[in-house]
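Asker: Dock chain B against chain A, hints included.
Protein chains in written order, with this note's numbering: chain A, 1 to 310; chain B, 1 to 249.
Warning: the hint list may mix true and false statements.
Straight-line alpha carbon distances no greater than 30 Å define the calculated BS3-like cross-link-like pairs of lysine-lysine that follow [unchecked claim]:
1) B/K16 with A/K121
2) B/K87 with B/K214
3) B/K54 with B/K2
4) A/K142 with B/K103
5) B/K152 with A/K181
6) A/K142 with B/K214
7) B/K219 with A/K274
8) B/K16 with A/K289
9) A/K181 with A/K167
10) B/K247 with A/K309
11) A/K281 with B/K247
12) A/K220 with B/K231
13) B/K2 with A/K181
14) A/K271 with B/K32
15) B/K231 with A/K274
Hint data in this document are derived by calculation from the structure and do not stem from the laboratory.
Chain residues, written in single-letter form:
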Amino acid sequence: MKTLVLAEHNDTNLSAATLSVVEAAKQLGREVDLLLTHNSCTSVLEEAKSVEGVSKVLNFSHEKFSSEVAEDVAACVVSVSEEYDFFLASSSTSGKNNLPRVAALLDIQQISEVTDIIDEKTFKKPIYAGSCIATVQSSQEKNALTIRTTSFDKAPNSGGSASVEDKEVPEADTRKSDFVKNELTVSDRPELTSADIVISGGRGMQNGDNFALLEAVAGKLNAAVGASRAAVDSGFVPNDYQVGQTGKSVAPNLYIAVGISGAIQHLAGMKDSKTIVAINKDEEAPIFKVADYGLVADLFEALPELESKL
Amino acid sequence: MKILIPIKRVNDYNVKVRPNQANTDVDLNNVKMAMNPFCEIAVEEAIRLKEAGKADEIVVVTIGDDKHQEQLRTALALGADRAILVKTDNPVQPLDVAKVLAKIYAAENPNLVIMGKVGIDGDHNQTGQMFAALTGLPQATFASEINVDGNKVEVTREIDGGLETLSAEMPAVITTDLRLNEPRYASLPNIMKAKRKPLEEMDLESLGVTVDKKVSTLKVESPPERQEGVKVETVDQLVDKLRNEAKVI
Numbered sequence: 001m002k003t004l005v006l007a008e009h010n011d012t013n014l015s016a017a018t019l020s021v022v023e024a025a026k027q028l029g030r031e032v033d034l035l036l037t038h039n040s041c042t043s044v045l046e047e048a049k050s051v052e053g054v055s056k057v058l059n060f061s062h063e064k065f066s067s068e069v070a071e072d073v074a075a076c077v078v079s080v081s082e083e084y085d086f087f088l089a090s091s092s093t094s095g096k097n098n099l100p101r102v103a104a105l106l107d108i109q110q111i112s113e114v115t116d117i118i119d120e121k122t123f124k125k126p127i128y129a130g131s132c133i134a135t136v137q138s139s140q141e142k143n144a145l146t147i148r149t150t151s152f153d154k155a156p157n158s159g160g161s162a163s164v165e166d167k168e169v170p171e172a173d174t175r176k177s178d179f180v181k182n183e184l185t186v187s188d189r190p191e192l193t194s195a196d197i198v199i200s201g202g203r204g205m206q207n208g209d210n211f212a213l214l215e216a217v218a219g220k221l222n223a224a225v226g227a228s229r230a231a232v233d234s235g236f237v238p239n240d241y242q243v244g245q246t247g248k249s250v251a252p253n254l255y256i257a258v259g260i261s262g263a264i265q266h267l268a269g270m271k272d273s274k275t276i277v278a279i280n281k282d283e284e285a286p287i288f289k290v291a292d293y294g295l296v297a298d299l300f301e302a303l304p305e306l307e308s309k310l
Numbered sequence: 001m002k003i004l005i006p007i008k009r010v011n012d013y014n015v016k017v018r019p020n021q022a023n024t025d026v027d028l029n030n031v032k033m034a035m036n037p038f039c040e041i042a043v044e045e046a047i048r049l050k051e052a053g054k055a056d057e058i059v060v061v062t063i064g065d066d067k068h069q070e071q072l073r074t075a076l077a078l079g080a081d082r083a084i085l086v087k088t089d090n091p092v093q094p095l096d097v098a099k100v101l102a103k104i105y106a107a108e109n110p111n112l113v114i115m116g117k118v119g120i121d122g123d124h125n126q127t128g129q130m131f132a133a134l135t136g137l138p139q140a141t142f143a144s145e146i147n148v149d150g151n152k153v154e155v156t157r158e159i160d161g162g163l164e165t166l167s168a169e170m171p172a173v174i175t176t177d178l179r180l181n182e183p184r185y186a187s188l189p190n191i192m193k194a195k196r197k198p199l200e201e202m203d204l205e206s207l208g209v210t211v212d213k214k215v216s217t218l219k220v221e222s223p224p225e226r227q228e229g230v231k232v233e234t235v236d237q238l239v240d241k242l243r244n245e246a247k248v249i
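Bound conformation, chain A alone (with noise of 0.2 Å):
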């Protein structure tokens, strides 16, 4: 038996969210196959051939692949599911889409948010949005995990040779949702998931004007500009920059928080970056317990001068 991973992607690249899955499927200690449903995206297949430690791509290639839709995903992961005893996707929200519907077509009971793979049916995944940690064991002989890209390292993406197998793309035996559009946020800054820096504001920052203080930080440091849940719900920054449980997790070297408080839910999205910078006025904070390096002061002055000093 061997592992499937879900990859995904952005029609160019593969995500770094897929290369750290790879990285905890390798711990399995089983053959590893990366699972591509694309339409025609020929540096992606190339990129996935070249991922370290993949022994093959399942290569479904497809004109509805424009465009991801669970049901036909699920129906690609079925059609391959009987050499496979795990199915492995990231926690994004296109893993936590498609892969519990793979998992019920099968029959597993998936495991979600695995951050600590101890043996091949005991695994460790948070709680309660991270108030707890708990050791799960599954009786079952098929598994599916959805992995927290943060708690492992990325697999290299060159210096493999996987092999190709071309697919036959299934039709969905359900009825479906149709794409209509996308509206993705456009930015030159890296991607909050995968930057070596994050630079969030939460509800301190006022009004979505004043993230530019931020962005002018971030652009000294080539960061990402995140958010708390605060500021997403106060409309201040779209929903993708938010930071958290019920948004992404990230684990950068450098986190600073400027203007959070420092809610659990925020704190379960980021306590694990290597060094935490807070900025924030009230010293009471929750904030500055998690922070390697607190500064109590008036963010709209401590930014702009932040800045003169990178």
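Answerer: Only chain B this time, still in chain A's reference frame:
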């Protein structure tokens, strides 16, 4: 149009849940329980569809012991018409929940199923997708906007890169994200009225679903605590620490 809303009883989201002394599970003794926030959003959305004249019946369902009546009564007070309690004293995992819901779906024949994207207890984020798979229905997860037009529903989804819009013919399954709506509070008269709304009970076994503990919990621990660091006085000191001590810039 009939809408089915599966809901879940969980800890109140303001309560920080801790492991029990033996580290075998979480300690929920004396913890205030409530309807899962994402389920509240699902109930609210159904009520808004009814108020807009697009839905005429809202049925809520949950699985668990007698205490789960509380959350069903809450949903009835908010505006649901009818409730179903599938009774069991055992914990059920998402795949089993999806199987039970598939039975309820077959009996009720709703046009739309709206449910929370995730329970804030187990953090699984699976049940909606699994239910859609088992019933062969289209799925639109993590919804921040729902538009019903005739027998079609258009759903804007919150995805990692921004937003995505899907369209599906009903019946379909939608899971809710945070920004879909802001749930209302139940008024006192409606809480009183909810006591007289129908709440049907059935045993889980009577549905012919075998609950099967495929994943067991061996241990529950607190996460490793991060050491509190130091306070710096000035931006200069901060930049110095980041450059020369942490060496991250």
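Asker: Hints first: check each against the structure and report whether it holds.
Answerer: Results of checking the hints against the structure:
1. B/K16 with A/K121: OK: B/K16 and A/K121 at ~29 Å, within 30 Å.
2. B/K87 with B/K214: Satisfied, since the Cα-Cα distance of roughly 20 Å is no more than 30 Å.
3. B/K54 with B/K2: holds (9 Å)
4. A/K142 with B/K103: With Cα atoms ~25 Å apart, A/K142 and B/K103 stay inside 30 Å; holds.
5. B/K152 with A/K181: holds (16 Å)
6. A/K142 with B/K214: Measuring from Cα to Cα gives roughly 11 Å; hence the hint holds.
7. B/K219 with A/K274: Roughly 26 Å separates the two Cα atoms, so the pair holds.
8. B/K16 with A/K289: holds (16 Å)
9. A/K181 with A/K167: OK: A/K181 and A/K167 at ~27 Å, within 30 Å.
10. B/K247 with A/K309: Since the Cα atoms of B/K247 and A/K309 sit roughly 16 Å apart, the hinted pair holds (cutoff 30 Å).
11. A/K281 with B/K247: holds (25 Å)
12. A/K220 with B/K231: holds (23 Å)
13. B/K2 with A/K181: holds (27 Å)
14. A/K271 with B/K32: Within the cut-off at roughly 27 Å; holds.
15. B/K231 with A/K274: holds (17 Å)
Violation of the numbered hints given earlier is absent; every hint is satisfied by the structure.
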